[in-house]
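K.L.:
Build the full structure now, drawing on both the sequences and the hints.
Each chain, letter by letter, is given below.
There are 2 protein chains.
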Amino acid sequence: MNIGIRIKRRTLQAFVFFAAFSFVASAHAAAGDQDLINKANQIFGPLPQTMQTEQNPITPAKVKLGKVLFYELRISIDGTVSCAKCHPLSLYAADGLKKAKGNNCKENPRNAPTIFNAATQISEHWIGNRTSVEDQAKQSVTGPPAFGMPSYESVEKILKGMKGYVTMFQEAFPGEKEPVTINNFAKAIGAFERTLVTPAPFDAFMKGNVGAMTEQQKKGLKTFLDTGCMACHSSPYAGGQMYQKFGVFEPYVKYTKSEKIDEGRFAVTKNEADKYLFKVPVLRNVAMTPPYFHDGSVNKLDQAIWIMAKIQLGKDLSHQQTGDIAAFLTSLTGRIPDDALTVPIVPSAE
Amino acid sequence: MNIGIRIKRRTLQAFVFFAAFSFVASAHAAAGDQDLINKANQIFGPLPQTMQTEQNPITPAKVKLGKVLFYELRISIDGTVSCAKCHPLSLYAADGLKKAKGNNCKENPRNAPTIFNAATQISEHWIGNRTSVEDQAKQSVTGPPAFGMPSYESVEKILKGMKGYVTMFQEAFPGEKEPVTINNFAKAIGAFERTLVTPAPFDAFMKGNVGAMTEQQKKGLKTFLDTGCMACHSSPYAGGQMYQKFGVFEPYVKYTKSEKIDEGRFAVTKNEADKYLFKVPVLRNVAMTPPYFHDGSVNKLDQAIWIMAKIQLGKDLSHQQTGDIAAFLTSLTGRIPDDALTVPIVPSAE
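Line by line, the protein sequences are chains A and B. Note that my numbering numbers the first sequence so that position 336 is 336, with each residue one more than the last. Note that my numbering numbers the second sequence so that position 16 is 16, with each residue one more than the last.
Calculated from the structure, these hints are not laboratory results. Among the hints, erroneous ones may be present.
Remember, identical chains collapse to one label, so a pair may be satisfied in a single copy or spanning two.
In silico DMTMM-like cross-links for lysine to aspartate or glutamate, where the CA-CA straight-line distance does not exceed 20 Å [as the list claims (entries may be wrong)]:
| id | residue 1 | residue 2 |
| --- | --- | --- |
| 1 | Lys315 | Asp78 |
| 2 | Lys310 | Glu250 |
| 3 | Lys245 | Glu178 |
| 4 | Lys245 | Glu259 |
| 5 | Lys64 | Asp339 |
| 6 | Lys275 | Glu215 |
| 7 | Lys315 | Glu54 |
| 8 | Lys245 | Asp33 |
Remember, it's a predicted structure, so these values are computed and weren't measured experimentally.
P.N.:
As structure tokens, then:
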């Protein structure tokens, strides 16, 4: 009996101790989580449901047309390029290549970014030579290493030649006399792209669901903030809002496997101050879209993180720190809207 | 009143006449339809629900894996080729090109046929140099103008390097110690392809729904049968069951825009009797998959029909007849299974 009582007493003591410890620990964790949630909300903020604008409001008919056009191969000079070529949804809408390949296997100057969560950036493309997703869609069709078509008119002619398209353009742009235009083509694809928002575990965490992220992911978020990454990678998209020099402390080519030096935004503005400036990329779904940087010169996420801290912030992160930040970044891997994941059938040629 | 009675009498007479006429006409139509339904069932017969075999039974896990692999670009030598490249579902699983383009824009020797309703043919590819859809999938990865990989082992190594694939192969091939093999790769893609049956209005008609086809489509079916097209284009797939010489009455190059003469199955067998023999293609969804013939040398369906009748059967069809047959062939445009039309997300690289 005595032994029994002793054991029971010890068990009770142990239980009390454990309960008290757990309470303190979880109160501490909760306080830590709340602090992190508050900071995250300040820096990133809630992801919107869509990225529509007044200039291009989302309508079902426009999105439907835009998605069909997104898969259209027959408006490229060799019949092998559609938007989906460089932005296959199966690969989180990036193509996995260092640099995108367009018509006749022509190499594009830079890596193709994902089109998910892409429509509210200050500009499109790495050097900001496209003003919007609509402008990007429009310029792609005549881009020599992209669709390679000789003119906008040649694209319009092909689309006008298919009854299915004429009907869909009429439905998407009601009341317009001649709706099959390159600008409406761009608007429809833009409207589709403006639906492509991918809510992730990180968003659930920001809303207060502390279990949505693992402890390592939270630690990585803290490291991301403490290191200063968020100075550029802010907004709900964790990027896309500014240009920055790639290589503030040291030239990037010292660490990347870049084959040549890219002068970045200088090519657009011819302004000396814009040399080596690139748009800060959106980090949403970054774990799903290697290789990294404007030239796809780095394959591994933790290596890309280490290089960024080193040359942008002058910090030499430990293996543990890059691993934690990489873990945080996987919490930005989001859910693709179901509607976007169904393949549309393009109109028949005859 | 008199006038009123006269009108009523006339109305009644007219009604009786119209009713009697309609009865006779519809009885006549019904008899004609029934005769056509009977003939169609004899020659074509019901489309099965799937094309599974004992060697490769369909399981959900295998189909899931097969669909993911179907979209996998990272197992091609230049990262630009997946099964979906030459068989994009948005274009009814053909690519719209004269001849398929593989890695580094290499041209394949022949036109890429649709993979819908393709798995029960006597062989795959135009000249029968692939024994089954599984064999086709397997040989594609090392095919120099296709995926262009150096060996099966190199493909297995890439797949084994992604945890997501290891799990999916384990689930698709339970109990196997080393499930990530090229043969299982082929089986999984084959299982997916064996689900790709596309029931069409023609099938509803064969089941007795006389309204499922238009009058012109029925007339076209009758012309198709009367002309003799069904001598080769039989079975539920309207083809795929035999080899035939392309150009029985006259050489095909006389009418097609072929750039060079293709000796067909002779390349496989080296048997003189197999010169210019090609597999009779499946006509399911033919209206959605131009251009036509082994070299994609003809764009228009009615022109392809005219050439076939001319050089295979020695018949010079009228514009009306080719139009009617083309109309019939559009009744073979079927419904793609919903499951097949959702894009899968491929496993992440890390």
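K.L.:
Of all the hints given earlier, name the ones this structure violates by number, lowest first.
P.N.:
1, 3, 6, 7 and 8
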